[in-house]
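Peer 1: The primary structure of each chain is shown beneath.
There are 2 protein chains.
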Amino acid sequence: MSTNIEILENTLGYTFKDKQLIIEALTHKSYKQPYDNERLEFLGDAVLDLIVGEYLFTKFKKSDEGNLSKIRASLVNETGFDKLARSLNLGEYIFLSNAEQNNGGREKSSLLSNAFEAVIGAIYLEAGLSRAGSIAIGLIEKNHKEISLDSLFRDFKTTLQELTQARFGITPEYKVMSSRGPDHKKEFEVAVFIEDKEYARASGKSKKIAQQESAKQAVELLKKEK
Amino acid sequence: MSTNIEILENTLGYTFKDKQLIIEALTHKSYKQPYDNERLEFLGDAVLDLIVGEYLFTKFKKSDEGNLSKIRASLVNETGFDKLARSLNLGEYIFLSNAEQNNGGREKSSLLSNAFEAVIGAIYLEAGLSRAGSIAIGLIEKNHKEISLDSLFRDFKTTLQELTQARFGITPEYKVMSSRGPDHKKEFEVAVFIEDKEYARASGKSKKIAQQESAKQAVELLKKEK
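If you read the sequences in order, they're chains U and P.
No gaps in the numbering here: position 163 of the first sequence is 163 in the working numbering, and each next residue is one more.
No gaps in the numbering here: position 146 of the second sequence is 146 in the working numbering, and each next residue is one more.
Chain U with its partners taken away, still in its complex shape:
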């Protein structure tokens, strides 16, 4: 059984009128009740897409829809919501079966992310878009130091470093493999090495952009290897 839901409500800054609604949002399907949080997750997923979409639409008035989509995709995904769920200690409050609990359910990204979506869906149902929006955006702003296209790129290098340190105990090395074109239109080719093995190679208008792109590819590769 979970700890007191009031503590979660305090952390969220929202008190549910209908306690059954928050219980449903916190109920994993393994708990075998006549309800679970999957329908609320379906709703919350769309609520969060709109909340974050509108936030970025307003914040980045000069960004085209391609860049808005990219930034949103970096925030609205399992890893992003898992982070927000953990900031609320959501895992402690989820109702799940003993089997799922023993299987590390309270620590699973998918489970945490889904429960977070369901909680936002529940707030939306009871209090509307604006209230759900201020709670979700508050959490996002607190848990993401900077929200921009630049920070997305920076994140790939940070993510890669975190991954290689955890897995190999070392930091990745970036090497400029070639550069071509006149000064005002240079293209740099950068490769990223981990333990002297090349993991990815990418080109860009600056070394920084090429590094970031190669880091992104290496992260994807390492995640697949795992």
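Since the hints were derived computationally from the structure, they do not count as laboratory data.
Just to be clear, a hint being listed does not mean it is correct.
The list treats identical chains as one, so a pair stands whether inside a single copy or across any two.
To be verified - DSBU-like cross-link-like pairs, simulated, lysine-lysine; straight-line CA separation at most 35 Å:
| no. | residue 1 | residue 2 |
| --- | --- | --- |
| 1 | K145 | K59 |
| 2 | K61 | K19 |
| 3 | K32 | K186 |
| 4 | K19 | K207 |
| 5 | K29 | K207 |
| 6 | K59 | K108 |
| 7 | K157 | K186 |
| 8 | K17 | K62 |
| 9 | K185 | K32 |
| 10 | K70 | K223 |
| 11 | K19 | K224 |
| 12 | K207 | K186 |
| 13 | K186 | K19 |
| 14 | K197 | K19 |
| 15 | K197 | K29 |
| 16 | K185 | K17 |
| 17 | K70 | K108 |
| 18 | K185 | K142 |
| 19 | K17 | K208 |
Following the hints, put chain P in place on chain U, whose structure we already have.
Peer 2: Coordinates of chain P only, in the frame set by chain U:
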């Protein structure tokens, strides 16, 4: 230049306070203005996902999130929005370049669907979710006779028949190829033929389900062939 926007506002049942907003929603990027409808389309896309998601969430209280997603996907897509856009004669009002116009731009599904999303995004920005929702749902209910999982299936057979009649002047033929299993757990295998050529084959717990699934596959195949 487009015809009078007032007529569109009458059809929509919504009068814009900020006329620039509806002009932006109707401006294709080919029109070469400092603005176009792509950012509003980004917003409207998320607005429609939530509007239709919540509508289905409320309408189908017993449906799980998998079925809700399927029904939504059948409504929230280019073909679905193209239908709604045409019901508003949206093509007549879109601002586009002469080149795009001569290229049949006013009849393009993608262009119409994107403009529809942008118009809903614009109404949302000015009047909020509830107003955008009642307008969008009104259009959806008027243009889709029945909204349910059953009607989705039926739609595949109808769609296939429309396609084959337009392209080959004939109707598709369904044949039961095999059935197996005990009576209470039978599986039927059905193939769909067009001009005696097998286009797709699928299995299901009833002939109807297998027909519907094979029709779906044949539709996808025919759309690729084109």
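Peer 1: Each of the hints needs a verdict: does it hold here or not?
Peer 2: Here's how the hints hold up against the structure:
For the identical chains of this complex, K145 and K59 are intra-copy neighbours only, at 15 Å inside a copy versus 40 Å across copies, given an alpha-carbon limit of 35 Å. In this assembly of identical chains, K61 and K19 lie within 35 Å of each other by CA distance solely across copies; the values are 19 Å between and 39 Å within a copy. For a Cα distance limit of 35 Å, the shortest separation of K32 from K186 across copies, 29 Å, qualifies, whereas the shortest one inside one copy, 60 Å, does not. Proximity of K19 and K207 under a CA criterion of 35 Å is satisfied in neither setting, with 54 Å inside one chain copy and 45 Å between copies.
For a Cα distance limit of 35 Å, the shortest separation of K29 from K207 across copies, 32 Å, qualifies, whereas the shortest one inside one copy, 47 Å, does not. Taking identical chains as interchangeable, the C-alpha atoms of K59 and K108 lie at most 35 Å apart whether they share a chain (32 Å) or sit on different chains (32 Å). Taking the shortest Cα distances, K157 and K186 sit within 35 Å of each other inside one copy (22 Å), while across copies they are farther apart (55 Å). In this assembly of identical chains, the alpha carbons of K17 and K62 lie at most 35 Å apart only when taken from different copies (23 Å versus 40 Å within one copy).
Within a single copy, K185 and K32 get their C-alpha atoms only as close as 61 Å, which misses the 35 Å cut-off; across copies the closest is 26 Å, which meets it. Taking CA atoms no more than 35 Å apart as the test, K70 paired with K223 passes in both settings, with 20 Å inside one copy and 29 Å between copies. When the C-alpha separation of K19 and K224 is checked against a cutoff of 35 Å, the pair qualifies neither within a copy, at 40 Å, nor between copies, at 50 Å. Within a single copy, K207 and K186 get their C-alpha atoms as close as 10 Å, which meets the 35 Å cut-off; across copies the closest is 63 Å, which misses it.
Neither within a single protomer nor between protomers do K186 and K19 lie at most 35 Å apart by alpha-carbon distance, with minima of 60 Å and 44 Å respectively. With identical chains, the CA atoms of K197 and K19 are never at most 35 Å apart, being 54 Å at best within one copy and 58 Å at best between copies. In this homomeric assembly, K197 and K29 never come within 35 Å of each other (Cα to Cα): the closest approach is 43 Å inside a single copy and 45 Å across copies. For the homomeric pair K185 and K17, neither the shortest alpha-carbon distance inside one copy (60 Å) nor that between copies (46 Å) is at most 35 Å.
Proximity of K70 to K108 under the C-alpha cut-off of 35 Å is found in both arrangements, the shortest distances being 25 Å within a copy and 26 Å between copies. In this assembly of identical chains, K185 and K142 lie within 35 Å of each other by CA distance neither inside one copy nor across copies; the values are 39 Å within and 54 Å between. In this homomeric assembly, K17 and K208 never come within 35 Å of each other (Cα to Cα): the closest approach is 50 Å inside a single copy and 45 Å across copies.
Hints 4, 11, 13, 14, 15, 16, 18, 19 from the list above are not met by this structure, while the remaining hints are.
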